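Residue-level listing of the chains:
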Amino acid sequence: MSDTSGQGIPDPEGPSNMIDTEYEVGQDNISMSMGPFGLDIHNPVFAISGLSIVAFVFFTLAFQDSAGAAFNDLRNWLTGTFDWFFLTAANIFVLLCLFLIVSPYGKVRIGGKDATPDYSYTGWFAMLFAAGMGIGLMFYGVSEPISHFSSSFADNAGTPESWAPLGGAAGDAVEARNLGMAATIFHWGLHPWAIYAIVALALALFSYNKGLPLTMRSVFYPIFGERIWGWTGHIIDILAVFATLFGLATSLGFGAEQANAGLNHLFGVPINDVSKVLLIVAITGVALMSVVAGLDAGVKRLSEINMMLAALLLVFVLIVGPTVAIFTGFFHNLYEYVRYLPELSNPFGRDDDNFRQGWTAFYWAWWISWSPFVGMFIARVSRGRSVREFLVCVLLIPSIVSVFWMTVFGGTAITQLVNDGYQLVVDSPLELKLFAMLEGLPLQQITSFIAIVLVIVFFVTSSDSGSLVIDTITAGGKIDAPVPQRIFWASFEGLVAIALLLGGGLGALQAMAVSTGFPFTIILLLACFAILKGLHSEPR
Amino acid sequence: MYTKIMVPVDLAHADKLSLALDTAAKLSKLYNAPVTYVGVTASTPGPLGHNPAEYDQKLAGFVAEQAKTHGIEADGKTVVSHDPAVDLDDALIKTARETQCDLIVMATHIPNVADHFWPSNGGRLATHTHASVFLVRG
Numbered sequence: 038m039s040d041t042s043g044q045g046i047p048d049p050e051g052p053s054n055m056i057d058t059e060y061e062v063g064q065d066n067i068s069m070s071m072g073p074f075g076l077d078i079h080n081p082v083f084a085i086s087g088l089s090i091v092a093f094v095f096f097t098l099a100f101q102d103s104a105g106a107a108f109n110d111l112r113n114w115l116t117g118t119f120d121w122f123f124l125t126a127a128n129i130f131v132l133l134c135l136f137l138i139v140s141p142y143g144k145v146r147i148g149g150k151d152a153t154p155d156y157s158y159t160g161w162f163a164m165l166f167a168a169g170m171g172i173g174l175m176f177y178g179v180s181e182p183i184s185h186f187s188s189s190f191a192d193n194a195g196t197p198e199s200w201a202p203l204g205g206a207a208g209d210a211v212e213a214r215n216l217g218m219a220a221t222i223f224h225w226g227l228h229p230w231a232i233y234a235i236v237a238l239a240l241a242l243f244s245y246n247k248g249l250p251l252t253m254r255s256v257f258y259p260i261f262g263e264r265i266w267g268w269t270g271h272i273i274d275i276l277a278v279f280a281t282l283f284g285l286a287t288s289l290g291f292g293a294e295q296a297n298a299g300l301n302h303l304f305g306v307p308i309n310d311v312s313k314v315l316l317i318v319a320i321t322g323v324a325l326m327s328v329v330a331g332l333d334a335g336v337k338r339l340s341e342i343n344m345m346l347a348a349l350l351l352v353f354v355l356i357v358g359p360t361v362a363i364f365t366g367f368f369h370n371l372y373e374y375v376r377y378l379p380e381l382s383n384p385f386g387r388d389d390d391n392f393r394q395g396w397t398a399f400y401w402a403w404w405i406s407w408s409p410f411v412g413m414f415i416a417r418v419s420r421g422r423s424v425r426e427f428l429v430c431v432l433l434i435p436s437i438v439s440v441f442w443m444t445v446f447g448g449t450a451i452t453q454l455v456n457d458g459y460q461l462v463v464d465s466p467l468e469l470k471l472f473a474m475l476e477g478l479p480l481q482q483i484t485s486f487i488a489i490v491l492v493i494v495f496f497v498t499s500s501d502s503g504s505l506v507i508d509t510i511t512a513g514g515k516i517d518a519p520v521p522q523r524i525f526w527a528s529f530e531g532l533v534a535i536a537l538l539l540g541g542g543l544g545a546l547q548a549m550a551v552s553t554g555f556p557f558t559i560i561l562l563l564a565c566f567a568i569l570k571g572l573h574s575e576p577r
Numbered sequence: 034m035y036t037k038i039m040v041p042v043d044l045a046h047a048d049k050l051s052l053a054l055d056t057a058a059k060l061s062k063l064y065n066a067p068v069t070y071v072g073v074t075a076s077t078p079g080p081l082g083h084n085p086a087e088y089d090q091k092l093a094g095f096v097a098e099q100a101k102t103h104g105i106e107a108d109g110k111t112v113v114s115h116d117p118a119v120d121l122d123d124a125l126i127k128t129a130r131e132t133q134c135d136l137i138v139m140a141t142h143i144p145n146v147a148d149h150f151w152p153s154n155g156g157r158l159a160t161h162t163h164a165s166v167f168l169v170r171g
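Quick mapping for you: the protein sequence lines, in order, are chains A and B. Everything in the first sequence is counted per the numbering used here, starting at 38 for the first residue and increasing by one. Everything in the second sequence is counted per the numbering used here, starting at 34 for the first residue and increasing by one.
In short, the hints are calculated from the structure, not lab data. Among these hints, one or two may not hold up.
Keeping only pairs whose Cα atoms sit at most 25 angstroms apart, straight-line, the calculated PhoX-like set for lysine-lysine is [said to hold, decoys possible]:
(1) Lys91(B) - Lys59(B)
(2) Lys110(B) - Lys150(A)
(3) Lys62(B) - Lys110(B)
(4) Lys150(A) - Lys91(B)
(5) Lys49(B) - Lys91(B)
(6) Lys127(B) - Lys110(B)
Quantities reported herein were computed from a predicted structural model and do not represent experimental measurements.
Construct the entire structure; sequences and hints are all you get.
Now the structure itself:
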């Protein structure tokens, strides 16, 4: 036990093992006022991340022409050279989570042995799902299964030019479908959620049980000791801010593309940069209102609305789509996922370079760049859960929901294509495939409209929870820093998304997500070790 | 005239509260009304404690000191909020109702442009509770 208990200060709630450090949350902070607004920011994390991002936005906009190509090269180089590294790391995260679920460490409770959960299952689950997957499910729900299916079915499957997973299944519609669904679920199932779960668990453990501030650096106390309060910690936190901001901006870019495509599809709104910028501005405005309203009144409420709308759309497609095929498909896809899992997650000796590097490595880097944000957000709302309950809920349940979502949206689209020869789902560009699928079903005007609203609300819930997280990191772990700081970060997320969209489009966004994901992968591997060390010292 | 006084306190800036605390103590003596000091904290570690229990202990120490210095009847109440930067007013409104206080004494800042965007804490308390609100310029 630490010295603090000896001074008569109670432990979190029931026994836990606090870390004894002289550091006080916010001791390196600068409190100042800028005009009428008060600020409470960590020095130098806020200054370095804030200034770098302002400079980044400026240069990307100033050199729009050359920026695009440079970003694309960067992305291809990273995913091409380090694909094995991303794949191996993600496998380690999954294995560690599964181990913790079955090990005695699963009994440790976040927040102390007697802590009780802050949120009900519904509110908790809605928030972690809305933050964790968000827009991606809308963007890729139809487009990814269809892409994998078509590339696997195509005649050139298995050649170096092909994008098919595992060499595909040229000419075999049944196997191409299995492979397409398995590959999609692979990207949305256990692996991404294991990445989030690791970060969330690490943060929650070191904050609620060990009493350290809620920032990424705290996780590394068992490794670096008191040095985490110096530059080692500053760098970790700054990287976390970059990863969050660029990871989020990527999603916001996808959201803007898709909302624009949807609005064009429904109302004829032109697809161009002006529309996208206006969309980002308007939606960032809503996100601003949400962060100002706070965690309970803004973020949680929007997440719940989101869940309801998503469920509504899901049930609709389920009922009017091929219902029986979807239900049987769910179990079938789950089986195919498990069957292909060892091959898909194998980092070495594979020939499907395009798929492995272009899809899987990109996805893992993207999830990892999202992980400080989603992880910290999940950590913040998960106090009172046991490690086992936490991991089962964060890892398994969202994975199963993702399987179901992909089965309903992707499965319906593949059925439309295979059974009815409905070509539109293949011919449409990525961002329109969802709307193309809905067009093949009844009431498409209404469902497309709901889909656009969903994209927008997902956009808002990602942006507002992201701003909360960046604000906490740049305020040295304080969650009661003045509200204008949140407004600054929420606005800058929008600006970064705009800058990257104009200076190189989605390729630029993806490149930055991957570039920040790479160093963060190394950080996460270290975090795995810290978690084990931290859990080991907790009373069970 | 008053039967119960509530005093919201920000323990991080206790040094800036002296005028409000003195005012509350004098009113407490004048009307023989007990004072409840209310502190709002988050469940995450902060400068005032690693957890709400630790914060609560600090508040209890603060309350004991106030009671002793001013010779008044006082107790403390820690409110745990998920997002104290934003939910402060709501937490105070709820506590004012729970404690059934009829007077709130609190320190206030010098009004500035930001007040046009964010309503002041005191203003919101006056709008949403039945208690009288005494704002003390610090």
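In rising order, the numbers of the hints this structure does not comply with: none
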